[in-house]
Amino acid sequence: MDLSLKPEHQAFADEVRAFARENLSPATRAKTLSGRHYDKDDHVVWQKALGRKGWLAYTWPRKYGGPGFDVTQRFLFENVLAEEGAPRIIPFGVKMVGPVIYTFGSDEQKERFLPGIRSSEVAWCQGYSEPGAGSDLANLRTRAERDGDHYVVNGQKTWTSYAHWGDWIFCLVRTDAKAKPQEGISFLLIDMKTPGVTVRPILMLDGAHAVNDVFFDNVKVPVANRIGKENEGWTCAKFLLANERLGIAEVPASKRGVRSLWELNDDPALKEKIADVDLQVQALEMSELRALSTMALGGAPGPEVSTLKVRGSEIQQRIAELAMEAVGEYAAPYQPDLLFRETNETPVGPDHAPPAAPRYFNMRKTSIYGGSTEIQKNIVSKAILGL
Amino acid sequence: MDLSLSDEQKQLQDAAERFVRDKYAFENRRKIAATDKGWLAENWAQMAELGWLGMSFSEEDGGYGGGSIETMIVMEQFGKGLVLEPFLPTVVLGGGMIARAGSKAQKEALLAPMIEGKKQFAFAWLERQSRYNLADVSLKAEKSGSGYTLSGHKGVVYNAASADNIVVLARTAGAAREEKGLTLFLVDGKAKGLSRRDYPTQDSLRASELTFDKVSVGADAVLGKVDGAFPVVEEAVDRAIVALCAEATGCMDAINAATLEYIKTRKQFGVPIGKFQVLQHRMVDCFTNAQEARSMTLMATLKIDDEDSVVRRKAASGAKVQIGKSGKFCGQSAVQMHGGMGVTDELSVSHYFKRLTMIDLMFGNQQHHLTRYSNLAMAA
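From first to last, the protein sequence lines stand for chains A and L. Residue 9 is where the first sequence starts when you use our numbering, and the numbers rise one by one after that. Residue 5 is where the second sequence starts when you use our numbering, and the numbers rise one by one after that.
No lab work stands behind these hints, which were simulated from the structure alone. This list has only true hints and no planted wrong ones.
EDC-like, lysine to aspartate or glutamate: derived pairs with alpha carbons at most 16 Å apart:
id : chain 1 : residue 1 : chain 2 : residue 2
1  : L       : 332       : A       : 322
2  : L       : 271       : A       : 144
3  : L       : 332       : A       : 329
All chains, please: the whole structure from these sequences, using the hints.
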């Protein structure tokens with residue numbers, strides 16, 4: 009066993025760092041480090057640069073245009089980019105629908121959709137959750153009725169991150185109303201410009217617009233846009249969820265968060281709490297490395313990745329909470345201009361104060377999205393403990 | 005021992021409940037928060053008419069002779085409705101300090117009109133470096149003729165934009181963080197040399213940064229003893245803390261009720277999610293936390309008038325620790341159990357959560373008051 013890096017991996021880390029320093033816009037980097045919100049361009053410009061280098065689809069096999077990184081390279085890639093202040097790669101194209109397409113799609117579908125994902129020319133969003141079907145995903149009601157070589161889609165998706173930026177949405181839709189909940193579901197790709205698709209913003213408690221309702225009103229979708237067989241979309245859904253949970257723990261971002269906490273405050277009581285969360289991050293990172301090491305040896309990540317999601321979200325919440333505690337009463341002023349817009353306005357209070365409370369409020373979502381903490385614990389108790 | 009409310013107190017509670025029901029339906033509150041001032045003159049006038057602005061002041065000061073229990077009763081209802089009118093800065097802090105330390109002339113000029121609803125106050129103590137230390141004051145007041153000149157900065161001053169008079173904590177002697185050498189001044193909200201930067205807060209209240217550029221005041225602006233303000237401020241803040249605790253118990257009741265209703269109706273996997281044991285237990289913990297918060301608030305309310313200042317200080321800090329802990333638990337749990345809905349602007353739940361969070365940070369968070377409490381306990 010060995011934790012240290014081989015020389016070729018060290019060289020790779022240096023290459024990634026040099027690339028980030030050359031290609032990441034200083035304005036975008038500053039937003040990451042200060043906790044302000046990104047514009048669409050912050051993401052797209054950066055992702056296109058990664059795409060040109062052949063690194064955007066960094067988890068894909070070479071066969072489908074990925075760089076063929078080994079697990080150590082993946083780990084270094086994510087960590088170095090987070091350290092350099094790069095925005096998280098929006099996962100819907102690269103990490104979610106891309107792998108579904110190259111695993112379950114036809115050759116024609118692969119040719120049609122994968123290049124736009126690899127280059128970040130086409131932005132994707134995810135149509136999974138519905139009102140009444142969040143954690144209980146199989147309860148979804150959006151229906152697609154066959155009409156010749158089209159489906160006619162009607163229904164509503166919700167919590168759709170970045171739907172307002174998206175060119176395409178991948179959706180789970182019900183194609184057989186009479187089947188059992190997990191049967192009779194199909195996996196459809198829908199062009200957001202199709203008539204009948206409407207996006208309505210949902211404002212979050214910090215005033216941010218990141219998620220949306222998406223309505224489908226008699227939307228015509230070619231049958232050619234279905235991935236896999238009709239009524240067998242649940243297979244794609246399950247495949248995708250397992251992929252989603254690893255990495256959702258956001259270890260690199262938490263490491264960066266802990267580093268900036270150490271710089272914030274000299275209050276000894278706060279320092280102890282920071283030390284505590286620092287150690288939690290180390291334990292989580294080590295657990296993630298163990299899962300990666302299993303994968304490097306050809307194994308698949310098991311249901312224990314659910315525990316990584318649970319702890320990862322708790323840690324992100326705790327870091328945000330401590331950052332707010334460090335600010336004290338200066339967390340009170342609400343300054344949306346400093347969170348969402350380009351401005352030369354001077355903050356009220358210390359520079360790090362304006363995003364502190366909004367971030368704390370907003371981070372409560374991490375234990376809810378991607379399968380809530382309660383759902384993840386159900387998975388572990390059933391699948392690992394046999395309860 | 006009798007911990008029940010008197011008939012008059014019950015009537016007050018009913019009236020406050022009615023006020024919140026009539027004026028503070030959640031959509032109404034949203035509209036009030038979006039007005040210029042962030043509160044409604046008609047609501048303030050009604051509070052005056054109902055006698056709430058004067059209820060905790062002695063009859064000789066023009067009030068109605070009530071006390072801390074009355075304040076607790078209305079603050080709790082204000083918490084249920086997330087009421088925005090500036091009761092705490094005007095009545096509890098400004099009014100409280102004027103009643104405690106003011107001269108007869110000052111009381112007549114300020115307290116009587118405040119009770120009638122014609123004057124509002126703000127209390128400026130915090131500075132950039134202060135954190136939660138009330139004595140960490142560097143805004144300077146220097147003798148100039150028969151009066152003083154004030155120069156420096158004050159931050160997060162609630163209600164400063166609406167205040168007719170601002171009670172300012174200034175240093176007249178001594179070094180930074182020294183309790184001796186602090187003096188309170190009554191400064192006109194429109195005084196020459198005083199500039200303001202106004203902003204809304206996370207929980208939709210209004211506050212300001214204040215800059216004092218050689219603001220001149222007369223000798224009659226001194227409130228209480230020169231160099232001797234600290235005990236007055238500390239006591240007023242302790243009273244404000246207890247009032248905030250009462251507000252927080254109201255917030256917790258409301259957020260718990262909303263969550264309970266939600267988990268009884270929201271279905272997943274074919275059943276209401278309240279059928280799941282993990283949520284049942286969490287809901288029970290919310291209920292327990294709110295009980296503890298109510299108990300500690302009541303304890304502090306009953307001890308805040310104690311002649312022994314150690315008893316008073318320990319009670320205020322003890323209750324504030326509990327409110328911080330319980331408020332965080334109830335707030336975070338409500339959001340979690342509401343799922344994604346809990347983090348939207350649309351639902352009242354996120355707004356209660358934000359208020360509870362800000363209450364924890366006001367006048368010292370859990371950690372600060374745990375330290376203060378343990379220091380007091382060890383010294384006793």
